[in-house]
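S.K.: From just these sequences and the hints, can you work out the full model?
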Amino acid sequence: MHRAVRGADLNARQPLHRIAAGTAALALSAVWLGPSAAAAQPAPSSQTEQTEAAPAGSPAPTLAEQERLLAAYERADRAHRETFVKLAASQRDAATPPPPPAPVVTKTPTKKAPTKNTTSTPAKKKSTSTTTSNVAPPSGAAGTVVNFALAQVGKPYVYAASGPGSYDCSGLVMAAYAKVGIKLPHQSEQIAARGRQVPSGQWMPGDVIHTSGHVAIYLGGGKMVEAANPSAGIRVAPVRGGTAYRFL
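Residue numbering for the sequence shown follows the working numbering, beginning at 2 and increasing consecutively.
Be careful, since some hints might not be right.
As the list claims (entries may be wrong) - Ranges of calculated distance between the beta carbons of each label pair, as one might list FRET restraints: (1) Gly166 with Arg197: 17 to 23 angstroms; (2) Lys87 with Glu66: 30 to 36 angstroms; (3) Gln188 with Pro231: 14 to 20 angstroms; (4) Gln191 with Ala142: 18 to 24 angstroms.
Keep in mind that the hints were calculated from the coordinates and are not lab data. Glycine included, C-beta positions come from ideal geometry on N, C-alpha and C.
M.R.: If you want it as structure tokens, here you go:
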């Protein structure tokens with residue numbers, strides 16, 4: 002019998018379940034490995050394709066060769082299955098876990114400081130020396146000059162005024178001495194030129210204290226009465242130096 006005919010006869014007598022098992026192994030490898038891996042696997046060909054691809058006069062594959070081919074498929078399938086399981090496990094382990102939820106910050110209520118009592122006792126008024134002097138006025142003409150000057154304390158300062166509602170420095174001195182019949186000019190430098198200079202330590206109440214551009218009336222005890230300026234008006238203040246002149 003011809004070899005090709007004999008091979009075909011052996012092929013026909015092979016159990017159908019072995020051929021089916023080979024086909025199932027190929028399909029399973031396609032599922033696990035994908036189309037590219039399945040395409041790389043050698044596919045069992047049908048009897049007609051084997052006959053056409055084989056050279057003329059070559060015998061058909063024997064039963065033992067088909068069994069070896071089926072065992073090769075099974076080994077390849079098992080190896081690829083183990084590789085796929087390991088790859089899936091490594092990808093699962095390498096996956097970045099989701100970040101933990103941010104901690105919830107609870108604000109603690111701040112205690113309000115107790116409000117301070119804003120009501121306060123009214124401030125005491127500062128005592129000023131612009132009202133009266135604690136120096137006893139002298140008697141006679143000097144007393145008249147001093148008493149008149151003290152009576153004008155609190156009135157406003159107005160430049161070039163000489164009373165009775167307001168005064169400047171020389172206007173106050175001129176008006177005070179006019180009460181005792183002494184006529185003085187309405188200018189500080191000219192008033193000083195009319196009087197007698199009194200040495201330091203011998204000043205008396207009623208003397209005129211002269212500084213540059215300003216005159217005042219000495220009260221005694223280091224005090225004087227003056228028409229100071231528009232903001233202070235006529236006041237009693239400490240002596241700030243100068244030269245004393247006497248007219249009585």
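S.K.: Which numbered conditions among the earlier hints are violated in the structure presented, ordered from lowest to highest?
M.R.: Violated: hint 1 alone.
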